[in-house]
Structures are given as structure tokens and as C-alpha cells.
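The residues making up each chain are set out below.
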Amino acid sequence: MASILISSSEKYSGKSAVCIGLGTILKRKGYTVGYMKPIGNLLVDINGVLADEDAEEMRRIFGLTDPIKDITPILLTENLTHDALVGVEKELDKTLNDAYSNVSEGKDVVLIEGAGGIGGGAMYNLSDPEVASKLNTHILLITRYDSVFAVDRILCDFKTIDDLDMIVGVILNEVPDSEYEKVTELVVPFLENRGITVFGVIPQDATLRSVTISDIIEDLHGEVLAGADHLDNLVEHYFVGAMEVNSAIKYFRRAPNSAVITGGDRSDIQLAAIEAKVRCLILTGNLRPSEAVLGSAEHADIPVILVRGDTMGTIERVEHLIGRARIKQDMKLNRIVELIENNVDVDTIAKTIGL
Amino acid sequence: MLKELFYPESVAVIGASRTKGKVGRAVLENLLNDFKGSVIPINPKSDEILGLPCYPTILDVPDNIKVDLAVIVVPARFVPGMINECGRAGVKNVIVISAGFKESGVEGAKLERECVAIATKYGMRMLGPNCLGLIDTTSNLNASFAASMAHSGNIALMSQSGAICTATLDWADANEVGFSKFVSLGNKADLTENDLLLEFADDDSTAVITAYLEGIKDGPQFMDIARRVSKIKPIIVLKSGRTAVGSRAVSSHTGTLAGSDEAYNAAFSQSGVIRADSVEDMLDYARAFSSQPIPRSKNIAILTNAGGLGILTADACSTAGLSLASFEENTILRLRERLPPAANFYNPVDVLGDASAELYGYALEVLLDDKGVDGIILLTSPQAMTAVDEIATIVAEKSDLSKKPILCSFVGGTMIAEGERILNSRQIPNYSFPERAVASMRTLCAYSEIRGQTYNSPLSIGSDKEMAAEILENAAKRNQRTLGLESFDILKAYNIPVVATEITKTLPQTIEACEKIGYPVVMKIVSPDISHKSDVGGIRLNLKNADDVERAYHTMMSDVRRYMPDAHIAGVQVQKMVAGGKEVIIGMNLDVQFGPLLMFGLGGTYVEFLKDVSFAVAPINKDDAKHMVASIKTYPLLAGVRGEEPSDIDSIVDTLTKVSQMVVDFPQILEFEINPLMVLPDGQGCVAMDIRLTRGDE
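Chains as they are written, first to last, in the numbering used here: chain X, 1 to 355; chain W, 1 to 698.
The following block holds chain W by itself, in its conformation from the complex:
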């Protein structure tokens, strides 16, 4: 698809320069260093640059040279003109390195819009603007102004930050880490992470995809692509702007919203994306994937020459959700054969401080042979007798042949340096401390699950869509944006059980309705302007007779008028008082990046404080819904603790999938909440007690 962007036969540099220190010179030099195709400098002020014939404009390049890719480094205000000329010259791919676009303000934003319009008009693809460029080690293309070329390897990286690109390149150079493709995304005016995900997925030289992102342009498409790609190769994303201060920094840096972190977590976990928390994590994980096979499951053997490191690693494994493998009998027998009697033959296996490289190799082989072991974490502490270099060499040999991952942590500094160098030279990562090796192992194991994951679309649910549509259309006609109890019927349209209820406008009507429903009743104010009824005295519980209702009616009206004098009061709603259930909340908020984000949590007084909620991007199927319910920390309270009767969890799952379908059916719903949903004991279902909905324009 983007073949000519990564594998061009000829590249033009618009704004090429012979002046040292200029970007136009750096790009040209980088191209000349490794690239085998033809390089064409464009600059109206020169006839020749660095020995190459230079043309005044791209249109002046002779017809017999077909330019596949143009790298533009001229000042921003000239860029639209240059893209236009590229379009006229038939160039299909451009990289705009120049800054001064949307990131720099109003004028820049206009220029950027213009660039996209021109590129679209000519059917061109554009990387950037405001980027470092790209590197492809398979085609020896360095179309960037980075200080060095990447080593060849199988890690593909895209980054929304040019600085993270250059820092990573330099780090990778020191650690001999290689890349297949290295792309600086810039402002993502045209080409985005989604285009590159697809490209990297198709690229045979790429084994693992990494990305540093500050935002995602099209969330639903990202999820769709990631679901397909993550089954083929791992995707590791470092998404910044997680906290309030971080997201503010993203906003002022890129002029985009960082987005809600819950939505990113939900979307990533629903589409098989592995989330890294730091650059170090991202590169740690990438190196593990780059060099190691994927484990079948998560039973890990630890091999160490020091007890302390072994124990720390065992703890870290347990915290990370990895299991320590129980060895087969034969494994223990074989270990006993050669290891000194004081060694530990059980997991973690301790070969003791004086272990030779040969003994390490033997133990490693025995552990690899054990069918119950899915992966090995190998630890080395540099003790007086330890031949670190020999151990590294043996490990590297075994690693090359192994079908199970071996992650090394040679812990130390000066004394382990040579061992680390040997491992690096064989493309095997060394994790400076065991916890990093464990985190990477956990990620390898997680991917073994991701690879096997299936994403089933939810089954369609029977609903009266017309009725729901009518409720929303009527609200639109009244220009009403927030809907409440008066719109309870929207739940009925989706067969979500609602409490017996009636809306009334006067006291006599109210009493009549209460008599009909039967005491005890609950009375609530009905007003689209009031979202937290209890805060303004808009709820009266447990009214047992007409007298209770009359007094409650008068005091409630008086309270509400006092707290919210401007609120439009449509009447009151009386409900049957439901007892013996547990309150839960089902909500939805239209996320900026990913669309409808469903929320589930336990209700009641402490909910705001505990923040014990789970999220998922709609649409969700029954399994996703079950996962949401089971993910909250207070799930045991629903499942029943200490002989308590379990709640009807199936009915919650059912309601979640119905809400999912509703919000997908009606994208104009910006916000929705059933609060509370009263869940009755198992087998008795649930009932919605109250709703709130915010409607947007279609």
C-alpha cells in the first residue's frame, strides 16, 4: 500500500542544501550514505549539490527519472506549493519534515489544512508535517535528519515525538538493537498510526510493532486494525498523557486531547494491544519479542546463581501473575546428577555462586527439556568465581536453538559488562534487574493469550428501535438535551426491566398513582435540569400512605425550588419501592477517541470514593460484559460473601449488552446512565430505577 514510501527507487529532496548544519543537507547526506536508488536534490539556487545534478523545481526533473518519494524541508509557507508541484509531477508520496504547521498556531493550521487538501486532490500520501522523517533498514533508506542510521533488525517503531525517535536511535546504537522500520509521525495530518499499523503488519522484516503515541486519530478504526494485526504480530504502545498534568501537556504540545486513560486501557485490552508504561518498558518488551519465541503458557522456571536474586524474581513473578513451574520428576533427578548437593533443585533453581558456565548450560538444558516449563528467567550475580562471559556465550547458544523464551538478567555493572556485550551482539536482551525481565516475560505470556483471542461481534438484540428513535426525536424537537425519568420508555424499547412507575403533575394525580402502584413508594422529582436529584432534595423514600405522600410532595417541591430556582419541573415520578437488592450503575460516555465507553460499577454511597468501576468500548458481547462485571474489586459482594445469596449477575450482563446495543444504535447519545440498577438475588433479575441521558445532534 505504502510501498513507494518505504521502498522508493528514487527520492527527491525539496529544499536540499549544501550548507552544513541545515536540515536540507542532513537529509541529503543520510540518503547518500546508504540508499542505493537515485537521489535528486531540488533547489532553485543551485545546479549541483554534493556532486548531484540539482533541479530548480520537481517539475524540472527529466521525464526519464520517475520520482517515487519527495522529502520536503522548505519553510512551512512554501510547503503547499511544493506539494502541489509534486502532485503535478506525479509523485505519490511525500514526507514533510518542515515545522510551522498546526503545532505553531492559526496560520500553521491553515497551511496544514491546505497541504492535506492538495495531497488528497492528487491522491498522494503525506507523512508529517513536523517530523523527523523515516528510516527503512531493508531498503537502506534513511529519509530523515536523524544523526545516524538504524541498525538492521525486526522491530518497527513509530513515534509521535521526534525526540523519542532520536533518543531511541542513539540508545539502540549503544545496545546493538536493530529496527526494520523507524517512522516519525509528526502532526499526523494525513498518514496516521492506523496506516502504519497496517503497513508494519504486512512487512515481513518486522516481528514486533512499537509505537509512542500522544493520541489516536480514529479510535474505532484503530481497534479494528489492531484486532487483526495483533493476531499476527505483537503491538506495543506507549501512550503518554495518562494523568491530568500529563494530558494537559499533551494538549498544549500537540493541540489534541490526550483522551481518557480508562478508554485507552479498555480499547487496548479489547484489541490485543500491549500497553507499555515507559520508554524503557516499551524497548524491554520489544527486545524480548524481537529475539525470543512466544511461550505456550505462563509457567516459568528461574535459574540463578544467587538465592537472593531468585527469591526476588519469584516474588516479582507472582505479583505479575506468572506461575513458577512445578518440575517433572526427571528434571529434578537430572539436576541432582550434576549440581552440588547444596544447590536448590526446585524452582527457583540455584546452581550456587561458584557455578561454572558449563554447569549453567547443563541446568538450562534440563529446564528447557521439562514439558511443564514454558519460559526461563536466567539470573547471574557476578561472584568471585563467576565466568560471566562464558555464561553469556553458553546462554546465547542455547537461546538460538530454544523454542522457549529465555530472558536474562545479569545483575551488576563493571563485572557483567562483557557478558552483556556478548548477549547484545547476539541480539539477546539483558535486563539490568530481575523485575524488568519478569515484566517482559509477563508480556510475552500475555501475547500468547492475545494471539489466540477471538473477537466475536455481539449478537443482535431484539429491540423496538423505532420507539427509542421516537423518544430521541421528540427530545430533539423540544431542543431538550438532557433526558431523565420522563424517558424511561427508552429502556423498555430495549427490554430492560424498569420499576413500576408513573409520572404525575399534581398532588391529587400523585396520590392516585401511589394508590394504584401500592405502598411503600418512592417519589422523585422529574426535571431535565436536575442530574443529581438527591443533592437538591428531589428524592423521598419509603412513603407508606397518602399522608406521607402529601407531606413529602410539598417539602420536596419547596426544597427543589430553593436549591434550583431555574430548573424546569416536569412533575414527579412515583415508583414502587424495591427492597432486597444491590445497587449497581451502568453508564456510557461517548469517548473522544473510541466512541461509546461503557462503565460498570457497584452503586451506593461509597461509589464516588472507591472509584471501583470497569470500562469497555461498545459494542460488547456477553463475554466482554461478564469480564466487565467480574473486573471490579467489589465483585465478591455481588457473587455473594459468607453465605450471602448471590445477586443475579446474568441479568447485569444482559443489561450491559442491551445498553451497548442501544448506544451503538443511537450515536447521538453522548452520555447515558442507569443509576441505580437494582440487582435482585440470583434468578430474580434486575430493575432500572432511574436514568439520565444526554443527547447530541445527529
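Next up, chain X with everything else stripped away, as it sits in the complex:
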């Protein structure tokens, strides 16, 4: 049985996406794929059992029948941290090993997803390198390449790993178009010269960064006032409508895949957004817009969402959502697999871990 731990320099680097992509491709090649996330940090209640949201999603995607407690044996609860801080022995290593051997049973390969960044879990002696060493597996490092400083991060991460043979290589993720050429021509050769294998360079993708309007509604506890049939639309950016109406149309037109956040009383901005055919309107301050505006939005098939929060708070929420949206839609799942297939050398990864 082969296995690999998917780690990352920071949170939100794309570990889950890589797990989905790798797993799906390996499954298609005929392997039986298993999955575990040793430390669950996004707690959800699944039929009375505490579980991790990512892990639960993965269980669904891969059609796994393993019990939840084996897929996510350790949950990052307050008890856990408290006990660790006061020094209560929890025998986490045993929990981990037992779960791993259960999950591994009958599998050709097990994908192990790290928790947060590479150092996450260190206070329980369960940082990604520690977990890898305890389970005697390999590490694949995912780094989000936002600027050349990502190179610093990668080199630094490598210094945290005692046994460098354990780490098989890196994937550079979400590389902006403007940096792509530089990354392939300069950064990759530089890393390879340092003996670091780069398995892939994945360009930034608008579909994956986007968030559905339903997600926004859920997160903001919004009320849908119009366009209820179009909540699957994907939003890639947001605008704040606080300017004069004629400039507003110009701005909105530059990026129509956007949500426009404005006050319920700014009917001119709302109409400008409808005219520019943006993806949705988010009205703040619980101020209901004029009925005539809603009529126009309905005509134009543009959802209008009313939220209680003020504009500043709403901006923060939406900003947080875009680019960090969890992957639930089939469209996104297919896109991930496509991106990994086109940009990552899955065969070499498979060979390296002994598949």
C-alpha cells in the first residue's frame, strides 16, 4: 500500500483541491483510493457524530465507507488543546496509527491531508512532518505562489523537515497569469537546482476562486428579494457601490462576474449594476430597495440579496468568501481534476510513492 501526506506552507493553499484531483485521477487509473485527515479543524455535526467538513466532503466525493472516526481520528476541540496545554497524555499516536491501519485496509493508496499549515498540530507532536514520520509516509508540499516570496517559504518549509528523503516534492498552486512565465522559466529551474522536485505549476483559475450566490446568502444570512432562480451564478469579484452612478456603470462593466455591495437606498447604483449585468446585488443595512428596482432585477435575472450587516462588515465577509470558497459544485470538481491533469505530473508522483 502506498500513501502520501499532502501538506502546505499556509492555510488555503489548495490541499483539498489537490487531494480531490489526485484521488480522482488515481481512481480512474484503477487504484482503490483511501483518504484521511488526521486532525479535523472544520468541525461539523454529521448525524450526531462530530466530523471535519473537508473530510466529510471527501468521503462523499470518493464514495468511502470508512467510519468517520477513522477518517478524522483527532478533532481539534477545546478539550484537546486544553489537555495538551496542561499536559494530559491522550495517546494520540495510537489513535492515529489505529485509524491509519483501518483506513489503509484494502486500499492501494491513501491520501492524508494535513491540517492548516505544515507546522499545524505541533503542540500535539502532530505537525505534518511528525505525522508523516509516524505513519512512515511521504510529504507532498503545496504552495500558493502569490509572489517570489513563495520561494522563501518553500525553502523555509524544507528546513523544518529533518529527513529530506521524506518530502517528494512541491506543487506551485494558483500562479497568477502575470507570474506564470517567470515561474516556469526561473523559479522551477532554481528549485530543481536545489534538489527540490516540482511536480506541477497550476495557474490561478477564476472558476475555483469564485463563490456561488447561494454560498454568499448562507454566509451573510441574507434574504433573497429577486432573481431566486439564479442563485447558482458564480461570483469572482465584488464591487462596493458608493460612487456616482455614471462612474459606477463604467466600473461594473470592467468585471461583470461580480457582486455589487451597496446600500438599499442607492437605487441609482442598483440600476447601474443591473444595467452592467453583474452577477448579483447585495444590499446592506437591511434597507429594502424600491419595488420598482426589484422588478427590474427580476426582469434582468439578477439576484438581489438583503443583508442585515453594514457595508463594511459585508465587504469583509464577501472578501473572505471569494478565493476561499469550499469546493462543492460539480463544476468546480471537474475543473480541479482538469487543472491537475493538465498541469501536474501525476504519474511521477505515483511512481515516487511506490504505486
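Among the hints, erroneous ones may be present.
To be verified - With a cut-off of at most 20 Å between alpha-carbon atoms, the simulated EDC-like pairs for lysine to aspartate or glutamate come out as follows: (1) X:Lys-250 with W:Asp-654; (2) X:Lys-277 with W:Asp-697; (3) X:Lys-69 with X:Glu-56; (4) X:Lys-250 with W:Glu-329; (5) W:Lys-110 with X:Asp-301; (6) W:Lys-626 with W:Asp-682; (7) W:Lys-611 with X:Glu-181; (8) X:Lys-250 with W:Asp-529; (9) X:Lys-182 with W:Asp-529; (10) W:Lys-371 with W:Glu-329; (11) W:Lys-622 with W:Glu-644; (12) X:Lys-250 with W:Glu-673; (13) W:Lys-505 with X:Glu-181; (14) W:Lys-217 with X:Glu-275; (15) W:Lys-477 with W:Asp-489; (16) W:Lys-110 with X:Glu-244; (17) X:Lys-277 with W:Glu-337; (18) W:Lys-477 with X:Asp-301; (19) W:Lys-477 with X:Asp-177; (20) X:Lys-250 with W:Asp-204; (21) X:Lys-250 with W:Glu-262; (22) W:Lys-505 with X:Glu-185; (23) W:Lys-477 with X:Glu-181; (24) W:Lys-505 with X:Asp-177; (25) W:Lys-217 with X:Asp-301; (26) X:Lys-182 with W:Asp-566.
To be verified - Cβ pair distances, simulated, as ranges: (27) W:Lys-622 with X:Glu-341: 22 to 32 Å; (28) X:Glu-338 with W:Glu-466: 45 to 55 Å; (29) X:Leu-50 with W:Glu-473: 47 to 57 Å; (30) X:Ile-46 with W:Glu-473: 43 to 53 Å; (31) X:Asp-232 with W:Asp-47: 52 to 62 Å; (32) W:Gln-453 with X:Pro-176: 34 to 44 Å; (33) W:Asp-277 with X:Pro-176: 44 to 54 Å; (34) X:Pro-176 with W:Val-116: 40 to 50 Å; (35) X:Ala-122 with W:Ser-531: 39 to 49 Å; (36) X:Glu-181 with W:Gln-668: 24 to 34 Å.
Simulated from the structure, these hints should not be mistaken for lab results.
Positions of the beta carbon are idealized from the N, C-alpha and C atoms, including for glycine.
Got chain X sorted already, so can you dock chain W onto it with the hints?
Quick look at chain W alone, frame taken from chain X:
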């Protein structure tokens, strides 16, 4: 075209009611009051209303009665069903008075869409919904719930506000102002201002068209129709929502954008539409057109019995761009013959406070005979000896025979009331103060120019359309919405001169390019994400050698990365430094109502502050372009002040027409700007230094 809407032989009222105070009763009563054709009430709960046989549905009306028009007053949710029944019954015109449609929200919007779909399916035309109805005084049709019938007259009015309709009707009743057609537009779901413009143009009983509008549905079509109609009869439009607060009110009231006021001004002036600034102005102008001939030109004579009023009027004429006529010798001689020696025989002619009606009449006649006088403004102040009623009677007589406009301003209250009543009864407007008379005279004069205006389509300009198309297609493939310097070639495709330039990606390439172009050079950042380069340190001027270029390159990159860390930097552009020219801006913004709206203005630091720009809706011809350039206040700076060499204005005109053609050729261009366009001294042309373009989906 809409004949049966205005001249039906039979009208059905769907939702007719016998209950007083209900709209269904008011409409029925209004129809019964004047209309000579047959009126058919429809209501499933009655057999008879107001003595008329009532049918449960329109489908139950006997076959021998052909219903031309149906007025629908049932609650909104039943309206689509009623329209469908009308369609099945073969009714071709419906007026939906009922409210509760798009103006009332999501459900209403769905209902409205449904109504339009049904009407379209049966080939019917629909007025409204959410309107007052319509009145036609030639066919004695009052298919509205207005409180009264309009007086007969030659003014046609359409209004997007029902309240302005009712207020105007009441005002018109008090002032004996008559209308030919009176239409409340409502939500304009099907019939719009454009349909009615065409209808009013064809209507022989209409001499002047007025409209209160909060928006225009199809701007280019409006301009096209208005250009044709305004040559036949004057069109006066009161367009509200001019200011930020006003436009917000329009948006929340109608659920439409009020649109940019510059675009409306440009579109109206390019299509012969007279813009009124208030309801009062609109009605003032309409009354002038309704009763007075159009002057040949704008030389005005003022006739007054009070010096002060005369002077005020002279000032107002001058401010309004009207000239005071210089009289022929004979005119002065004739005036001297009868007027007292203390009178003023020159313009403004003052017949003095004790002037009799007869003397007024004499002077008026003399002025009308003067070939240099195109129109007369007649002022009367009620002084002790003034026989206001007699003066009004004489003026009315002369006015009836005159081929020149005579606008009256009897100024006062109680003492002039009888004079005003006499004028009103003869359909002659009295303007309560001289400035209003002057404004109306100015409008009459403006129309004499509008009537003679020709609208020539611009000549086609040689261009490499394929090359421009390719640039835009490539951007579309990259999903790039904002284009900048890297797309300079789009200007070359339209033969617009551009500065010698090269785009480079590295420092060595940059220095090489600078050596080739020759110093001094300008260096700019190339990034589709940066629209205001200078704000983020993305421009370096006057670099004289390779050392300058190297230092500028490093500091510019560092500045831009600091201000715009997420911007995609495609490289830098080096340009030949151009000196000795004046900076101007040519821009375009795709207007919501009218399409590509071109902008021209002087460039430089103060441009944002001065807002000295002119606008025109594309396509424009050379004359339009010249007009745009000459319309800015700072035009003299281009034409050359104090012995300064004039700039090459022809080259600006040329560039404007080329940009006009480009934006018309490529409707996917949402925004475009050449900023700056460096205009060199006369005869040396101009060069584009930088561009910005926003692309939409085709």
C-alpha cells in the same frame, strides 16, 4: 399605425363598474360623456351597467360588434388573462390602466413580462400598464380616469407621470389651453415614446409635441425618429432626473436608470429636440408653438409701455442669444408720426405709460411691417391710464393675421387679469413675466434652425477593420477586459497617428529600445490593471540617457509594486518625448440609453476640476466634430490667444471622426480614451500618447 388606439369605433371597458369612486366607473363615465362610438362594459357580475348591456368576458361580446380598443382596469394578477382573451377575441389595442406591475416588484415584473408576451403573440399593441389612459379630442375619446376631458387644441402630450397628466389637464382647463392628444405612458412595457412620436408626427391635428419623460427606452431609435419628426413639427421634452438625487428618485420610482444628463443633452441637440427644464417651461414653449408662427431669424422687437420692463427684456434677450432688431428708417419715421415725442422710437420701443390700445395697435403694426423684425415681444404694465382689455383685444386681432410671432407679457395681477382672460380665450399665451416670454421666443427661434437642419451620415473612413478586430478578439481569448498601451495598434488600424513607441519586458531591452527611438524618452508602465498610471508612479518623463532610463526603470517598478501589488505588469513602454503641443482628451463611454457617447476636452492637470468637456452621440460627421471642439469653453486656447500659434484643430476633428467610426464598428467597446492626444501647431497634426479601452462581450 395606431389608428384604432386613437380613433376606435367601439371601446370595451374590462372591469367596468357601477360603483362610484371606482376606476372602472370613472373610465366608463368618461367614455360615455363625449365618445360617439359604442362603449361595451365587461364584468362577469353584471348584466347591465349605466344602462349599457354588460358581458361577462370580452369573448361573450356578440360577433356583430367589432371591439377596436379594450381598456383594462382589473387587478394586476388578472390582466394577463384578460389580454389573452382580448387576443382571442381579435382586439388589437389595449390600454392597461391597472397598477401592480414592474413598479411594484418581483411578482409585478413577472406579470408585466407575461402581458407583453401575450400581446406580442396576438400582434396587439398595449399602452401602460400603470397609466392614466389616453384622451383624443379629435375623436372625442376619453379612455382615461382623468377627472375631466381636455379642451380641443393642437398640442400633443405624452407623459411618463400620471400625476403630471392630471395636473396639466387641470391647469389647461383654467387657462383654456387645448390638446389634440393626451397620453399617459405608464410603464412603457410595449408602446413607448418612440411609437407615440411617430403617431403624433402623422397626426394632422397636432402642431407641437410635448413629452414628460423619466427615461428613454431605445435611444438610437429615438434619435432617428426625432430627427425626422422635428423637421415636421417641434418636439419639446421635459426629461427629469438630471441631478444625482433626481436620478436616484427616477431609479427608485420607475426601476430604470435616469441616464447621464450629458448624453440626453447631446442626443437632444443632435436630433432637433427642444429640452424644457420645468413643466412651466414645457407648457410655455408649447403654447408659443401652438399659437404663433415660426420666426425666420432671431431679430426681436420689444414693444412696451414701461421703460423698466423694456430694459429687463432687452437684457433677457441678449442673455438668451436673441438680437434686438435694428429698425428700417421708415419704421422710425412712422413711429415718430404718431407716438408722443417722449416715446422711445428705437428698440425697445416705449409707447409710454398713457398709451391707448389704439396706439399700441399702431406701433405693433409698424413693427410687424419692418422686414428686419422677425418677432415681437409685447409688454404691458397696468398703469392708471392703461386699458388692458382693449390692448389685449387689439393684440389678439393683429396676432391672428400676423406671420411673425407676437409673445405677450402683461405683467401684474388683478389689473391685468381681464387682459389675460381675453388672450387665453383667443389661444394666445400671456407670460406673467418678460423672461418667460423671452425664453419662449428663444425656443421659437431655435426651432427655425432645427427645421432647416440636415443630418448627414458621416463619410466612411478607410481603416484596417480586420486588424482592429483581431486585437479585440485576442483580448477576448485572454479574457482581458481592459486594454492599454499594448493595444496601441488599434489606433494605427484607424490611421490615427501614434507616438513612436516600443514595448519591452526587461531593462536591457528597454535601453536598447530607447537608443533606437532617440532621447529624450518617456517611460510608462504597461498593465491592463492600471488605469491611472501617474497615480501609482507608472510614468517617467524626459529621460535623457541610458543611466536615466536604468534608474527610472528600477524606481518605477518598485513604486508600482508598492501601490498595486496585484497588478499584472506586462512590461514598460518607451515613447519619444513629444514637446511643443497641447494636450487634449478624446473619450467614449457606452451610454445606457444612446450608445457610444463621445467626449472631447482639453487635457492637463486642471481637466478634472474644470469639467470643460463636450459630448456627442456617435456616429458623428466632420461638422459635428468641429462643433464638439468649438463647444468647450477653453476653445480659444486651442485656436490661439494673444498671437500664440493656433493648434492643428483639423487633426483633432479628424481623430474624433475616426474614433467615432471605430466605436460604431465595434459595439463591444464599452469605454475608450486617448489621453493625452498631443495636438501640435497648425499643419503639424496630432499624436496619440496613450490609450485605455474597456471591452465587453459581443
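Discussion item. Hint compliance check: list the failing hint numbers for this structure, sorted ascending.
Written reply: Of the numbered hints given earlier, those the structure breaks are 1, 4, 7, 11, 16, 17, 18, 20, 27, 28, 32, listed in rising order.
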